[in-house]
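As a plain string of letters, each chain reads:
There are 2 protein chains.
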Amino acid sequence: MAVKPTIPKGTRDFSPLEMARRNYIFDTIKDVFSLYGYSQIETPAMENLTTLMGKYGEEGDKLLFKILNSGDFMKDISDEEAVERNLPKLTNKLSEKGLRYDLTVPFARFVVQYRNDIQFPFKRFQIQPVWRADRPQKGRYREFFQCDADVVGSDSLWNEVELLSMIDEVFSRLKINVAIKLNNRKILSGIAETVGEADKITDITVAIDKIDKIGIEKVNEELLSKGVSEEAIRKLQPLLELSGENEEKLTALSEILKDSQTGLKGIEELKFVVDNFDSLGHNCQLDIDVSLARGLNYYTGCIIEVKALDVEIGSITGGGRYDNLTGVFGLQGVSGVGISFGADRIYDVMNRLSLYPEDVTENVKVLFLNFGEKEALASAKLVGKLRKEGISCELYPDNAKIKKQMGYADSLKIPFVAMIGETELQENVVNLKNMLTGEQQRIPAASIPSAIL
Amino acid sequence: MAVKPTIPKGTRDFSPLEMARRNYIFDTIKDVFSLYGYSQIETPAMENLTTLMGKYGEEGDKLLFKILNSGDFMKDISDEEAVERNLPKLTNKLSEKGLRYDLTVPFARFVVQYRNDIQFPFKRFQIQPVWRADRPQKGRYREFFQCDADVVGSDSLWNEVELLSMIDEVFSRLKINVAIKLNNRKILSGIAETVGEADKITDITVAIDKIDKIGIEKVNEELLSKGVSEEAIRKLQPLLELSGENEEKLTALSEILKDSQTGLKGIEELKFVVDNFDSLGHNCQLDIDVSLARGLNYYTGCIIEVKALDVEIGSITGGGRYDNLTGVFGLQGVSGVGISFGADRIYDVMNRLSLYPEDVTENVKVLFLNFGEKEALASAKLVGKLRKEGISCELYPDNAKIKKQMGYADSLKIPFVAMIGETELQENVVNLKNMLTGEQQRIPAASIPSAIL
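Order-wise, the sequence lines are chains W and A.
Read the first sequence against the numbering used here and you will find it ends at 442, with the numbers running on by one and no gaps.
Read the second sequence against the numbering used here and you will find it ends at 442, with the numbers running on by one and no gaps.
Treat the hints loosely; a few may be bogus.
[Unchecked claim] Pairs of lysine-lysine, DSS-like flavour, derived with a Cα cap of 27 Å:
#  : chain 1 : residue 1 : chain 2 : residue 2
1  : A       : 64        : W       : -2
2  : W       : 78        : A       : -2
3  : W       : 19        : W       : -7
4  : A       : 64        : A       : 51
5  : A       : 202       : A       : 189
6  : A       : 189       : W       : 78
7  : W       : 19        : A       : 390
8  : W       : 370       : A       : 238
9  : A       : 354       : W       : 370
10 : A       : 363       : W       : 44
11 : A       : 296       : W       : -2
12 : W       : 260       : A       : 78
13 : A       : 260       : A       : 215
14 : A       : -2        : W       : 260
15 : W       : 78        : A       : 215
16 : W       : 164       : A       : 374
17 : A       : 370       : W       : 19
18 : A       : 370       : W       : 238
19 : W       : 377       : A       : 19
20 : A       : 254       : W       : 19
21 : A       : 254       : W       : 370
22 : W       : 82        : A       : -2
23 : W       : 64        : A       : 64
24 : A       : 377       : W       : 19
25 : A       : 390       : A       : 374
26 : W       : 19        : W       : 370
27 : A       : 296       : A       : 19
28 : A       : 254       : W       : 402
29 : W       : 363       : A       : 254
30 : W       : 354       : A       : 296
[Said to hold, decoys possible] From the structure, some residues in chain W lie toward chain A, with a derived Cβ separation under 7 Å:
#  : residue
31 : 0
32 : 3
33 : 24
34 : 26
35 : 33
36 : 58
37 : 71
38 : 98
39 : 130
40 : 132
Note that these hints are calculated values from the structure, not bench results.
Yeah, the Cβ is synthetic: ideal placement off N, Cα and C, and Gly gets one too.
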């Protein structure tokens, strides 16, 4: 026997059971995206490295999977270069394509490439795998799926309201209790301005982002160590202690940020989104959280993050507005706002809380046993009829021992077994067994659909 | 303006329109697979090169996309090796992973890897992209989808009958007129045996495979040039002229191959499949074609190929039985039989014959125009209600010029536009416009669902 084959570290196979569960999640998200008027696109797994490099920072460039050029990949490399071992330079000559790292950069590339054919505002969704050469660890994979929905070409805050409603709808359907956290980059800018440390916005937001984990005191220590003045830290305290309903938070913020134009604009935007989201009715809670930062350098308006309430796990969905998505590809002034569902974490949450509907993994309803050529043909005819009525069923292909055939039904959790042996064939009936209760009944073939309901 | 971004040669982006059409095809195939009791699996895009190399012949090895190792990819390459430029050796050290080339080898790997967890017979389907570093040309891509269904672990010919029924069902649903061609590898062996040239089976089958293209005379010339004796060629003639119904062909074959055990076994198998397929009823024609060979060295039993009747295009589906699928991974004696739908060619056929249902690309049913904050909120509430009834609709996010908003509906072929302006708000009605007929009516909000039917 040869060595047992394996797959690359950090990648996964999905069994029929896992696929059924994952499809349930993907289909739910897809249905909601479609209901809200988002259209699906797909982009190739491979992009030119010129498209991908430099978009995810230096660390990101290293995490890109690069494709070795076909044919003579050494042809542009001199002997000197080969032994010099300058890895970035060699990479550049050995490889011109890479696997997509996320769906956002390919989407930006798509928008620019087809800008003349696209009707704006363009509401697109995309559900595809992405690849990262990260060190694999529990819950972190080298191939995983992203489910993104974005609108580009519209500044309206109604888009934010819609995206929040979509989040609410998806998690209601999946029966996951969540809280949405909402912030706005302009509030963060306003805070830094107000405390007189506009140039330390990154240090300040990174520090206050940790407040849930390390508490106020440690946050203050970190701010001090980063060179934020004691005066500024004092001014920050009311923000760190902000609590109560969204309305109260907005009122307090208006007072604190009253001298910052940017801050007040951020409050106005938050208020529009929160008020309209509330007016439309929803299931999950929406909390303003001024400590929420996420990829700060990326977002320019609202910032969204979703937490599952009944499981300890990182954020399961995130998003926000970015005012210059397509700028890196030369198309300026196209604003976008979007969300990304973390399919793998959602899958983990669903598994840990057993949230799948009972029938999600059920496919075949009836297995017809095989008692030999003549009986099998009669069964196959019946199988064909049931399929015409949309009932998934199958004939056991081999005339094997009954125990083996029954074992197959058991193992695949097929709820009904139909038997047409010699006697049944003569009497023109089917012996139908309920695999759950063990109950058996001899019925005419035409009664099967109602008997298996 | 920067250079317009592009995607790698031979790859494709899919626009919303293209996605809607492709999803229609994939969903149809998926539904049929499920109805017949096949379960979906997925495997990673990347496989270890040890899994992939040597499985597709020397040419195939070259067409594998290889992933450059992460980190210091030069570390196992000495300076001598680097300047020696032995490409296969360097490839081996630069890369340990490749992109999957088809779905069959990963499936064989899957079966062996999880053989203790799998319930046999294992009926699996898999719909995923594959990658080949082929020279791109019209209709040939470097990234394309395969849709495979296979049964492993059952020798029963009922599997063949089922697979043919699935083909019939898929193409009936897609409204593509097809003919299925059926042959059996044992017939081909029987032919070579009978004409006394068993060792020339490849030359003989390659030659007679061309009969439709080049005619009998040229086939005979080719056979002669390959060293097939004149006596053998004379014996082959009745086979090349085989015609009529399947029943007549089988009778003629039984006479011609009467001295070949293998040949007679092949006839028996063909007969079982054809008779039972006929007994079960079907839409498309099934023709025995002894010139059909396809990957001869691969198949051991039945060989299947599907041709579209109304379009000049290569085969759009193929398959057959292979008796040792998992042997390369050390698991002997597992027989399999399967089919593969050529999604990209089917897509071409559908496009050329305009076979899509009219509503396949329709998603959003109603666009609500945006007349300002108050009106938009009223519209948004109504949008929410309609979505609860499963009606896909959307609010135009910006309070833009009416012409622009109408243009959006036009361009996306949204069939209805709903307007709630100041007057409508006061009178509690909606002004609904049918974009196809131009007809407008003022109706209560509750009447929208019936008005857009």
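Quick check: which numbered hints come out false for this structure? The structure conflicts with hints 3, 6, 7, 9, 10, 11, 12, 13, 14, 15, 20, 26, 28, 30, 36, 39, although it agrees with all the remaining ones.
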